[in-house]
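6 protein chains.
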Amino acid sequence: MLKELMEHEVGEQVDLFLLVKSAFRGVASNGKPFLTLILQDRSGDIEAKLWDASDSEVKAYQQGTIVRVAGEVHNYRGRMQLKIKKIRRSNPQDNINVGDLLEKAPISKDEISSKVTQYIFEMKNPNIQRITRHLLRKYHEPFLEYPAATKNHHEFVSGLGYHVVSMLDLAKSVAELYPSLDRDLLFAGIILHDLGKVIELSGAVAASYTIEGNLLGHITIIVNEIGKAAEELGIHGEEVVVLQHLVLSHHGKLEWGSPKQPMIKEAEILFLIDNMDAKMNMLDRALKHVKPGEFSEKIFPLDNRSFYKPTFHS
Amino acid sequence: MLKELMEHEVGEQVDLFLLVKSAFRGVASNGKPFLTLILQDRSGDIEAKLWDASDSEVKAYQQGTIVRVAGEVHNYRGRMQLKIKKIRRSNPQDNINVGDLLEKAPISKDEISSKVTQYIFEMKNPNIQRITRHLLRKYHEPFLEYPAATKNHHEFVSGLGYHVVSMLDLAKSVAELYPSLDRDLLFAGIILHDLGKVIELSGAVAASYTIEGNLLGHITIIVNEIGKAAEELGIHGEEVVVLQHLVLSHHGKLEWGSPKQPMIKEAEILFLIDNMDAKMNMLDRALKHVKPGEFSEKIFPLDNRSFYKPTFHS
Amino acid sequence: MLKELMEHEVGEQVDLFLLVKSAFRGVASNGKPFLTLILQDRSGDIEAKLWDASDSEVKAYQQGTIVRVAGEVHNYRGRMQLKIKKIRRSNPQDNINVGDLLEKAPISKDEISSKVTQYIFEMKNPNIQRITRHLLRKYHEPFLEYPAATKNHHEFVSGLGYHVVSMLDLAKSVAELYPSLDRDLLFAGIILHDLGKVIELSGAVAASYTIEGNLLGHITIIVNEIGKAAEELGIHGEEVVVLQHLVLSHHGKLEWGSPKQPMIKEAEILFLIDNMDAKMNMLDRALKHVKPGEFSEKIFPLDNRSFYKPTFHS
Amino acid sequence: MLKELMEHEVGEQVDLFLLVKSAFRGVASNGKPFLTLILQDRSGDIEAKLWDASDSEVKAYQQGTIVRVAGEVHNYRGRMQLKIKKIRRSNPQDNINVGDLLEKAPISKDEISSKVTQYIFEMKNPNIQRITRHLLRKYHEPFLEYPAATKNHHEFVSGLGYHVVSMLDLAKSVAELYPSLDRDLLFAGIILHDLGKVIELSGAVAASYTIEGNLLGHITIIVNEIGKAAEELGIHGEEVVVLQHLVLSHHGKLEWGSPKQPMIKEAEILFLIDNMDAKMNMLDRALKHVKPGEFSEKIFPLDNRSFYKPTFHS
Amino acid sequence: MLKELMEHEVGEQVDLFLLVKSAFRGVASNGKPFLTLILQDRSGDIEAKLWDASDSEVKAYQQGTIVRVAGEVHNYRGRMQLKIKKIRRSNPQDNINVGDLLEKAPISKDEISSKVTQYIFEMKNPNIQRITRHLLRKYHEPFLEYPAATKNHHEFVSGLGYHVVSMLDLAKSVAELYPSLDRDLLFAGIILHDLGKVIELSGAVAASYTIEGNLLGHITIIVNEIGKAAEELGIHGEEVVVLQHLVLSHHGKLEWGSPKQPMIKEAEILFLIDNMDAKMNMLDRALKHVKPGEFSEKIFPLDNRSFYKPTFHS
Amino acid sequence: MLKELMEHEVGEQVDLFLLVKSAFRGVASNGKPFLTLILQDRSGDIEAKLWDASDSEVKAYQQGTIVRVAGEVHNYRGRMQLKIKKIRRSNPQDNINVGDLLEKAPISKDEISSKVTQYIFEMKNPNIQRITRHLLRKYHEPFLEYPAATKNHHEFVSGLGYHVVSMLDLAKSVAELYPSLDRDLLFAGIILHDLGKVIELSGAVAASYTIEGNLLGHITIIVNEIGKAAEELGIHGEEVVVLQHLVLSHHGKLEWGSPKQPMIKEAEILFLIDNMDAKMNMLDRALKHVKPGEFSEKIFPLDNRSFYKPTFHS
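Protein chains in written order, with our numbering: chain A, 1226 to 1539; chain B, 1226 to 1539; chain C, 1226 to 1539; chain D, 1226 to 1539; chain E, 1226 to 1539; chain F, 1226 to 1539.
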């Protein structure tokens, strides 16, 4: 199999199909336009420069285009950069799809779907079970395809579902160690906590914020949806308000966007599990390409810290 | 007319019907129980001590009871305290109702109702008008009776409606000076912004927080209600999300309980008008009994500041 | 009438007299100098590039020069940029003055002057009236010409006077709704609150901070001036200290540059009115060129928020 | 078996052996001294009053004394209080030991010891294993007896060892779900992270801070100990510094007492696991005596929040 | 010589003339009033209780009265308290003055005066010298008598002058080590920095805040005075603004009451020297009665820290 | 003597030996590489551009190389920049050493060494003296050569020793004015407080952080060293813990990297003296090249303030 983009070292030649993640046109000091492209495959992305770009080139290599690129990786101020030598748009004979170049969750949509379904199936409280199943069915497709965020963690295809499955498995272990936890409530809270993202974000790929996402946010969106679901299903028990509270408070603090702090044990634990899974994902991805004895790049959402990879093994 | 409770000075005799706002039982050093009562009429409240209280007295003077009290006001560590000399429960012949002893808004429920109705009547955008009218009708009674808060500002009978009317009048003046403002949107936001309090709080008198109020809060409650109202009325325009945003963001900052900051001009202005009316109410009440040349007590929600009343007049 | 600078869209040709707001010289990779100019008319400003600039061109197009420019607007990384095709300095025959290219308050200096004079005329407290009139006369000319700030809000010719007039009108409405306010004190506080800027800033156009402005700030400057005015006028009443306090505390919080928080009701209201008028000005200007259904650029002094312009109308 | 102290309701008679947790002498208004005692058994503690206490009684009932008390539970301002009717010191015939009246971990010292030993036994990295085993042997006795803190969480006999065992079990589950974690490092960090408390605190019961504890703190103490252990064992690998870093950074943030934030993945996860186990312990204890449909008391270290116990079950 | 108040240990008898620093009337559970007095001599103060106080006693022992008291020191909840056995007002024959019972600076007013005068005498810059001398002469008497604060540090008779002299001596040493410092400017800044306190505070003894002190604060007051002094002396050099800046910025940060941060080297150093002298004073006084091997009480303005006195000597 | 680098004004010709502090390779818009060099001598550093750099030039002018450069200083966006006309590597005949081009402390290593030795010699407490002498001997060489920091203050050769000597002299003056201070403890704390930097940093020149420095930090490193020294010397007195506390707490606050705040008087004073000496160093260096009547550049560690140099002299 071919070496992927991020497996190349400085000085190596690249010849790959890549997706244009973004494209900016500049005017150089000789008056001629040039293109700054961010090119990606599923291993990551790199900045690339196309000098003396013609107007037709500027139009050809826009965001979302698949291109075949030959060039060389060099080091620019400590970051890797790709100097383009040859570039062309892909054509049907190349047999490359956007999906081949996007990062994806390490498990398939089917696996995600069947794991979540199993967790719902095992619930004992019918009110919690019915609301959860109802909303998952309503948003089944985007739930399996959307990322969990536009950046920072799980920002890839099926990231949302993968994040939920990881949290469910972690929650199951936690609930075994601390048996006072209400498993149905905790699992339902996990399944629903970020489901509002399917309305907050514009799509599964290159997601941006919708108007509703900007003005209300995924927390308020899904809390409203839980209310509507309960009404449609004719459910009036305290489970409705408590489930809404779990979702409402899952950012943990007011200044992080939850209008209420957790006031129920399972809400507090949901917040902690969300936090732990997101951090594990960020750390694993940041350290993936770091060699033992070196530091990662600074990770902005982790207080801009660099992390060290020790030289010893256990 | 009789002097009201807070019009008495230190050293004066009191003989009034008063409402027991709260009651605590203590055991004194001689082993006998005593009662600490907070007694109020519509002018305010005072701490009172009933020494050597018998068990029947402890039972008789509980929260919510109307009593006739004779005693003397004295000064205890800088605060006024009432030393009870005689006390008895009121009886039907006294012809005193709880309503006579509660602080009320300075305008009647009818005035509030007709002013708000007029503002709704003049709206031109039918979507905004219909949602606002629908929700006001649904919660008409409690809207006219509830306080705007349990403490700090407008914490009296009809405080909610009175606060809304004051804000509407202020908003009308502001909109005349800054004509780019969307009046319908601003007025609707004002009418709805605190309406969730009729579910968040337990009642019009001696209000505490309901379970739903604690776990969701009045902002989330009314945002959900706007969504349901739009669905019931078959309204799908952008007005729904924008109106929800106005209510959602009216606390101005995440750390003050809004999960989104204002992102629409009228949302920002709604927040500022709410703030100004609440502060005017706090300041007027805090300075009411202060003499020229003296400072008020510290006002906790105003950063614990004391305010000075100048000696000159204009 | 000609289209103004900011009314041009990407791709359109520009041929206008413009003012050089600032000019930077760079050396391009071919070793030749180029100029980055910020060019403005009263509708706003734009970045422009002049490639291969000769030494005489570098000298000709310095800050404060009026130039005639032909070029084309294009989009550079999401911001508009002007590519200069032809440029020359204006000459007397062009009959263009700097004043024609600067943004100005929407009302004239005469209107500002007569409105403020009327507010002073109606004051009833002679001490407040005399101090206010004395200081306004002393700094009459710069008061009518200076901006209210170097950036963020009212940063245009006559911005200071216009800001004061808007605040006075707003204060008048507020005082009608809350009659306990001392109108003379509030109006005098508004007229004087930013008057120190005529010493803090270097002039009416392209203002920078003076040494005194940097080391003392406009608040301390005008508080000192009030003290001197009172002494010259032989006024000794409490009005002097109270008026100084209003000005001193009008930034509202210590960390925003007021050495005392407001401790007088009118001081608190002055702070709130200042805030509301400044925000209205920022919002109206930021949203002026935004189309319905789109977001404004981020507004730094409003917590770096973008504001949305709804698609519906009332 | 007898009802324990905290199982009594208001109005019930108490007749129990209790430990004097603290004792304060007051002088009542009749000039006679009285005693305020905090009395405890393993179920919790209660405030009690002994009126008209003689000098010999004041001396008899000091902190650490076991007493037999008869009295009645009543409600004082919302908290339970014990009115003492009869009290005497315990004597040898009563056959009561301090240990019988102290709260203990729910698992025995032997279980703690064997579980921790097993985790150490399974380590594969010899440097990590040897340092951990060395320090655990050195402080074996106090490790099994000390509390994990003087208040807030695990503040009971064997609390330290119990906290470590809970964290180890949780870490094991986490490491199974996220296999990139270095288990030896994580487990060693958990075993050592709070071991400095055996020097920071004065003892297993009624612990206070030692001089060394106050001036250096348990983090610095154990980091020094790891350094010394490595030197004594002749270990020089990177494991020493990395292990010191895990302990050093386990409070997560500088303002929480760690002079470095976590910069190694296992350090970050150690911090999160510590946090989760501490919060579960606080929540379970706070909610233990709360009835469904009610709120707990405010929990200070959890931002002073009250937690609600739902009425439904799963 | 007699033992002073604070030299008494728990259990000892006291028989001293003391000053009533404050007096509160309480009503005990037997219905009789009692007095809580804070009594002081120059060594410090203590809380005392007078039970069953008659109305004439309540009137007799008010704030500012000198009394002769016999009683016993006992320990109440860890603090020393005085139980009064006998008390009477002092009479002329006792020959005791308030001044005998107040804490004073360790050096006399004459020494303070001559030291400060010497520092002014040695100044070389005539503008700085004349302004400083002018203001010191204007407020000579209160400068020598006032405290430097109402609490926290130098809160005793002549505390202001003593604080200034200590700072001058420290500044002299600093200026010798860092010769780039402008000595005249630094010394003048020190002499004037707190001089506004003679207007901010009500007097030398039992000082409270004046209206002007509350509304403007000592910083603004003295900055105004410097401006007036310069005007009266006909001084127009940059020294005036720079000296005002030093005083204005000497609290170091906006949130500590300086409307500008230091922007001149000597201003920054003045802030640091003020800080160091205040802290030394607080620490020396807090540790004065602490025994080696023990901790002081918590010192509120030092982040509520306790300080340890080591057991060893050098 | 030749003019040094920073003594050149814009427009002047430069012909000097300079050290390459750092070097970045860029690719210009004509496709050719260029070099951005930071060049320094002992007077400071400047950015320089070498256009059309060949591959051999890129290799020749790397960090740490000494070069001879001819060029011209010009102004680029308000900062000075050097346009390189001629450049070559230095050769042995040039007789230039790296040491000639590095900034150094104004006193020699010998002076530093003898001053510190004298302070240790005069200590009276043998435990403190022996630990201090032991550690100074152990790290004698790097102590005399290392900088005190990598940036902000004393970031030059022998900066660490020079900073310590300045602090010792300041501490001596302070101790004379406040005789209650324990001089041995304070002096020892000063000598040791930053000694951990000889392990935290990689070397005396172009220092970066070591792994141990990153993961533990200089505070923890030297606290461990004090513990080891005491053990090796067989010292067990309280001096060990107290000395460790002084070093541990010398950053003053938890959020600045001290895991404990100062709890001993000398610890607090050590923190203040460290702060004062660091700020004096920053201010003197920032103001060195500023002309009277102008402001310095913004100084990041001083809250990003600019400092003004007055026009008058004393």
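Among the hints, a few may not be true.
[What the hints assert, rightly or not] With a straight-line Cα cutoff of 16 Å, these simulated EDC-like cross-link-like pairs (lysine to aspartate or glutamate) come out:
1) D/Lys1453 - F/Glu1401
2) D/Lys1310 - D/Glu1272
3) B/Lys1534 - C/Glu1234
4) F/Lys1397 - E/Glu1380
5) D/Lys1311 - D/Glu1347
6) A/Lys1478 - D/Asp1528
If you are wondering where the hints come from, they were derived from the structure by calculation, not from laboratory data.
Evaluated hints:
Among the hinted pairs, D/Lys1453 with F/Glu1401 is inconsistent with the structure: their alpha-carbon atoms are about 39 Å apart, more than 16 Å. Straight-line distance between C-alpha atoms of D/Lys1310 and D/Glu1272 comes to about 14 Å, which keeps the hinted pair within the 16 Å bound. Of the pairs offered as hints, the one joining B/Lys1534 and C/Glu1234 is violated, with about 56 Å between alpha carbons and a cut-off of 16 Å exceeded. Distance check on the hinted pair: F/Lys1397 and E/Glu1380 sit about 27 Å apart at the alpha-carbon level, beyond 16 Å; violated.
Between D/Lys1311 and D/Glu1347 the alpha-carbon distance is near 56 Å, which puts this suggested pair outside the 16 Å criterion. With a CA separation close to 10 Å, the supplied pair A/Lys1478 and D/Asp1528 stays within the 16 Å bound.
When each numbered hint is compared with the structure, violations occur for hints 1, 3, 4 and 5.
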